[in-house]
Each structure stands twice: as C-alpha cells, then as structure tokens.
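Chain order of the listed sequences is D and U. Numbering-wise (our numbering), the first sequence opens with residue 1 and increments by one. Numbering-wise (our numbering), the second sequence opens with residue 1 and increments by one.
Hints in this document: simulated from the structure, not taken from any laboratory. Be aware that a few hints might be false.
[Unchecked claim] Okay, derived cross-link-like pairs now, DSSO-like style, lysine-lysine, Cα gap no bigger than 30 angstroms in a straight line: (1) D:Lys64 to U:Lys224; (2) D:Lys87 to U:Lys224; (3) D:Lys64 to D:Lys26; (4) D:Lys319 to D:Lys87; (5) D:Lys87 to D:Lys64; (6) D:Lys140 to D:Lys87; (7) D:Lys102 to U:Lys7; (8) D:Lys319 to U:Lys7; (9) D:Lys319 to D:Lys102.
Fair warning: this is a prediction, and the values are worked out from it, not measured in the lab.
Here are the chains, one letter per residue:
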Amino acid sequence: MVELAVGDRRILARSDFPAFLDALNKLGYRVVGPTVRDGAIVYGPIDRVEDLPVGWTERQEAGKYRLERRGDEALFGYAVGPHSWKKYLFPAHERLWTASRKESRFVPAPEPADGPPLAFLGVRACELAAIALQDHVFAKAGDVAYATRRARALRIAVQCGQAGGTCFCVSTGTGPAVGPSHDLALTEILTAERHVFFVEVGSPMGARVLASVPLGPASVEDERTVEQIVARTSASMGRTMVVSGIRDLLVNHPEHPRWELAGQRCLACTNCTMACPTCFCQTTEEVPDLSGERVERWRRWDSCFNSAFSELHGTPIRKSTSSRYRQWMTHKLATWHDQFGSSGCVGCGRCITWCPVGIDITEEAAAIRASPPPQVVEERT
Amino acid sequence: MLAARPKLAVYKFASCDGCQLTLLDCEDELLAIADHIEIADFREASSRVVDGPFDLTLVEGSVTTPEDVPRLHEIRANSRVLVTIGACATAGGIQGLRNFADAEEYRRVVYARPEYIRSLATSTPIQDHVSVDFELRGCPISRAQLLEVISAYLGGRAPNVPRESVCVECKRRGTVCVVVAHGTPCLGPVTQTGCGAVCPSYHRGCYGCFGPQDTPNAPALSAKLLQLGMDPPSLARIYRTFNANAPAFEAAANAARTDPAHSERS
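In isolation and in its complexed conformation, chain U is listed as follows:
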C-alpha cells in the first residue's frame, strides 16, 4: 500500500506561512494523512525531498517577484492537481494592497537599501498565472476544509466546500446577529463561510477573511454599514484587507471611495 501512495507537495510564494502550517496543525490526522499520501516536498515540515511529478500540490502565497513566475510555471508543469491555499494565493493577500498604491514609492520609503529589493509592482493570485484546479479560501485556511480537500482528492471526488455566506454558519450556531442586535459593522453577509463564524461569536463583526461569498451584494451591505455610522474611508478600508483584490471587495472599496452617494450619506 505504501508504494502506491500519491505524492503531495507544498510550495509557498509571498505569504506568512500560516496556511501551510495548517497542514502541520492537523496533529491528530497527520499520521492518517501520511498513511494515504506521501508528503514528498514540504520544506516547512522536512528537508527530505522526493522528486516530482506530484499528484497533489498545495500552493500558498501570491506572485510578487519576477522569479516567482517561472517557478510557478515549473510547479504547475510538475503537478497533476494544483490547489491554492489561502487568501494570498487566491486573491493576492494583504500584500495585494500595493496594487492600489505606488509600490516603487513604498520601496524607497520603507527600505534602508531599496536597491536590494527586486519586486513586482503588483501582488497577484496564482490563478492569474497558471490554471488552478481548486481554490481553498481563508486567512488562514480552515483545517477541516484542508482535510476535506485532501480527503476528496483521495476519494476522487469534488471537495465539499460551501460558498455561502458566514451568516449561514452564525445562524446554525445560534449566534446572535451583531449587525441587527448590536449595530456592529460586519462583512458576514458578503463573505464566504468556512471559518465557523468565529468573530461574531465573540461579538465582533466579520473581517471577510474568506473573501466574497458566491453571490455577494456588497452595494446593499455598504449602504447598511454607512447607515450604521461608518464613514466612507472606513468603509473602503473594511473591504481592503486580506482579500482586497477579490473583484467584489475591490469594487465595493472603490465605490466607497468614489461614489458621491456614499459621501452624501455620511
């Protein structure tokens, strides 16, 4: 049985490593995973590297340097199934905020020796460069959903990862709605579930870590958030965090910054 195990590789681009650590956090299940899939190239876990090609490759992080692009193409060519993990890999991550700013100016201001830094003007998701078989969302990803992706791969089926709103999970948990009962701004209605609706259960609004749900209505939520007393700059900022470059959130942030209707209401 061991000889027939499919091979798993885990690679990172620009990211904080939190998503690949999620795999190591599968403490109870890690041995079971290793029984069924050979962890062939996972530098965060082991310096032992087995050559590809790989059956399942998990890719974390976004493309931010010129070297990233050929490396990513090589990984794609060496992988049968490629799954991106986390907000960086699926939406450019928090470093994607550079896409709305002057990256060159940041380089000059932030670094003592800017000439040492060679980076792209943008942070882009993996999907922008190579074909991706499945995108697992989250900042960080959910352990349960990662196990589901691996389990689905082993079972030869599609992963069961719902794209519905965080509200669904809040209501299933019996969490009292923080928008309705407390007047707290929350991105839950436009955000994809997967985290287990953690923040509202601690009386905090959702920060949108899993990116937009599959049919988000950000304009309607924005109108509500302004009504709750948010000013347009804060509204723009709330959409510009880990998934700032996800199209629905990007559009909502832009609307908050430019729509005169928003500033009138504030």
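Next comes chain D alone, as it looks inside the complex:
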C-alpha cells in the first residue's frame, strides 16, 4: 500500500469504517467519541461502529436539547452535545499527587501515567479551536499532566454536515470548516446512492493510521461536494454574534443595565462554564486522611459562578450573581484577549443550550452593543 502524506485526500467507504476503528486499536489507541446516552449525544468509549450515534441528530435551542431520529444512517449527523474533549484532557477530578509522612517530612509520590493514548473521533472545527485555546492556557501554566495527555491524543476531526440551533462558529471564525491542525479530517458524504467519508491526512500519525485501511481515490467532484457541505453548514448557523470591537465594548461597559437583568435570570448553577470547552477554572484541594499521615492533592473543575471562587480573606468579592455573569462573559469575550491574545469563545453554543434558563451569550452581547449607555468608567474615579 502506498504511504500517505500530510495533505493527501482519500475516500473511506462506510463499509470500511470498522477497519478504520481496528487500525486505531491496533496502534494502541483507545477510541473515544460520540455515543447516545441518557437522551443526548455524549463522548464515551467507541468499540464498534454501532456505538456511534447512527441515524441520530439533535434539536438545540436556548435551554433545550432533544435527540431526534434522522431519516438516514449518518454516523456524525449532529452538531455538538453536552460533553467536550476537555473531560479527557483536563479531567473533572484529578489526583495530582499523594504524600506520606516520613518522620518529620512529607514525601510526595507522583501519580502514575495515564492508560493507553486516546483517539478523539469526531472532533468538530469549533472543538479543535477549543483544544488549541486550552493548549495555550495549560502551556502557559506549565501543566505537565495536560501536556502529556494532549501530546498522546489523536484528533480525528469530522466536518459538520449541519449546524446546531445554538451554533455560531461562523461569527467567531472557528468553523465550520476544519482548519489545518488535526491528525485526520473526515467529511461524511451521504446520498441515496453513496455513504462514504472524504478523508484528509493532517499529520504523519494520521497517515500511519490509514496505512492498513482500504481507501479509494478522492475525485475533484468529491472535493466540491465537501465544499458544498461546509458552505451549507455555514449558511445555517442557529446564532450570530458581532465580534468586532467586542473587547472594548464589554470592558468599557461594566455598569450596563443588561448585566443586572442577566443576574436576575442567572441561576449561578455553573452549567455554562462546565459545558464550555474552553473554561479552565479549577480548584485544588488537599485531602488528608484521619491519621494525618497521608494526604492527597486533588484538582477539580471549578467555576466563576460559585461564590467561593472569588473568596478572598473569607468573603467572596463577587457577591452578586450579576457580577459573576459579567465576570464570565467579559473574560470569555474580552479580557481573554488581554490574557491569551484571542477570544475565549469558539461559538459552539453549549453555554446557550445547557443553561437551564436559556441565557444566550449572543443575545446578551447584542443587547449591550445595541444600547451602550454613556461610558461610566470615568465617573467612578
């Protein structure tokens, strides 16, 4: 079989998808990807093609998600669900180390390395962007555990054949076309006559995976079909957000009445931040045993919507929910630029869908843009 190179394009038949999964397993990867569980498409182990959401899609709106049957047998015919890949790269609960008392000292023992490397199957364009943002955040923090997991993980992207009701990646410039940073990128082509995947090789590791998989040539017409699929998805975004000048807009309007209104609706439940693929906030806890002889350090997902998150000297500095909502949205869309040189939003729409009361970040941003009151920054001095 001819060795593939980065940038090569091929056609993988649906009937050969099991061979593709086998190839990943043979290289030692544990495949994780979309699967139907508890009324949603979540990420979990994929052992067989049947574990994928075959023939399923979803309907998403603010505060509402419903699984629906498709009229076909598409493997990737949905947008994004409640999970994101951060649960693998930045686990919700992670023991960082254990220490035991030895005479008058504590001797730390590092955690053993993770299990087999993971192959992420079905990474959307917005999710590739989210992984890149978290790469930056955790690299800046010098996080070795994250970097190790990330370096071992294989990213198999799948271009979106349809947009979700709360998607706005066109506005944030993060999709729906998959960019160059991936190991493999698939586009599902499904017509009455044909069910195949257009495959583009993104890395030498991606090429290695394909070495043992039966593939056909990709025609110019196939390439045109892929472009049409992406264009159709682009044109059907559920939401839009004007992002030009948004950093200054939000930073300059900390007293906009809209924040108070959002605070009245917001539950301070943290769902938006937990579902967000880029939110990285965490808390670190020491967990000693009863004897005081052994202690574990744990890291857990935390959220700027928790009052304890802003606790300084025993009292939270962001007491009101509106101040927490403002902190989150301003950080995500504005001060993330100052901290990391880009926006922290990839337009996946999870914060909109998974907010139990349906607060919509695009609507909030539009409201602040529509009626910016006189700037009050100077008045406060």
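Using the hints provided, position chain U relative to the given structure of chain D.
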C-alpha cells in the same frame, strides 16, 4: 495515644436516626475514627457512656418538644465544638411542615389519644436555639462529608464542604442535564451539592435534600419549572420537603402559592 483522644458525642432530637447511622455506615473507616477519637456518648451504637464534657458533638434532629430546649442547652454547655448533622437539625426537617399548618389540629386528627402528645407548634433547627459551629447538610448527610468534618476537626482546620450547586457535580460526572435534555423538573440549580448528584444520574430531578446552595436563585428556577408545565401547587410542594424551612425554599414555596404571576402562567 489512646489517653489523649478527644471525646465524641452524638445526640438526637426529632429525626429518623438516618444521619447518625451514617457514622456507623463508615464501616471501613470506623476503626480508624475510633483510633483517633473516643466515641464517648453514642446511644445508637453503644450503651457504654463516658461523661462529658465532649470535644466534638454531633447533633441530629430538630427541636419539637418543650423538653428539647433545656436538653439542647445542656448539650451545648457540655460541648466544645457542636456540629449539626442533617436537614432536621439544620432546617427543621420534614416535620417542619407543621410550621405552615395548624399543629394542634394535626394532633387532634392523627392521634387516638391526643392528650398523650405534648409537642411544640413548630419544628425548629438547632441553630435557632444555641450557637452551632458547623452545619452539615443533607437528608441524609453524606458519609464522605461526615468523615471530612471529623478529619477537619482532628486536623484543626475548617471542613471542606462546598456550598455550590448540584449542577457542578452533575457536570463533573458527565451526567446529562435532565432539565435541558428531558424537560424534567429539577431543584439541582438551587440546591447545595454533597450527595454526589445521585438523582439526575437516574434520570430524576433533584429533590433538594441538601437545602439551598449559597446563592440560590429560586425565582428564576421557579419560572423555568412553570414553563416546563408544573402547576403552582406542585411548585410549592417541590420546595416543601426536607428543607421546607430553609429561607430560600420557604420563600420560593410561598411565592408559588401567592404570586399571581405564577398562576397566570400556569
């Protein structure tokens, strides 16, 4: 080392005993606990009683009889650190529903010989009567959190018991939100975590067993629950269970019963 062990006492007021049983449920850790703290007065576990004063006292249950009040003051006076355990002790418990009704009428209707019953018209939390050093929530309390309280006491530090919402734990577990994906009413967003987000993982809404989270927005959740099709009486009832007298839940139940905006929407 044994001689220097601090003394632990466990007392109950009006309650079902489930929370103090949690201590006995610490099977694997119970011997370790007993190594570090002397179980001095715990009638549910042993009839052997060591005199006080006690270093750490766990109090279960709510105040419901005239005799409870002096007994509680005596316990407080005999305890260095007093921790209340469970919804009864921290919010009056399910028996606190009498606070919204005519207790005298209940007494007449329920009991064959009402004259045998001498109880107060209200069920009140321990905090209403004596100073409490820490309140451990839950109906029942969580075993892990109880161990944390004891461990924190032994280590001379504050217990690490988060007051955030149940949603935090659902999301950390990867549980699919029952409100968003199923349209199931759930008190998770206004309820304090600690149970491990058990009910939503079985496709049930949260029943609010751990009481309100530290910054609950019950009015916003109530509006959502009405939108999901709950009628105002059901909405009032969902807040009136184990923590009916916790201020945020009490206010939410009252609003559901009286707010005309709620009945219009239904």
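Determine which of the earlier numbered hints do not hold for this structure and return their numbers in increasing order.
3, 8, 9
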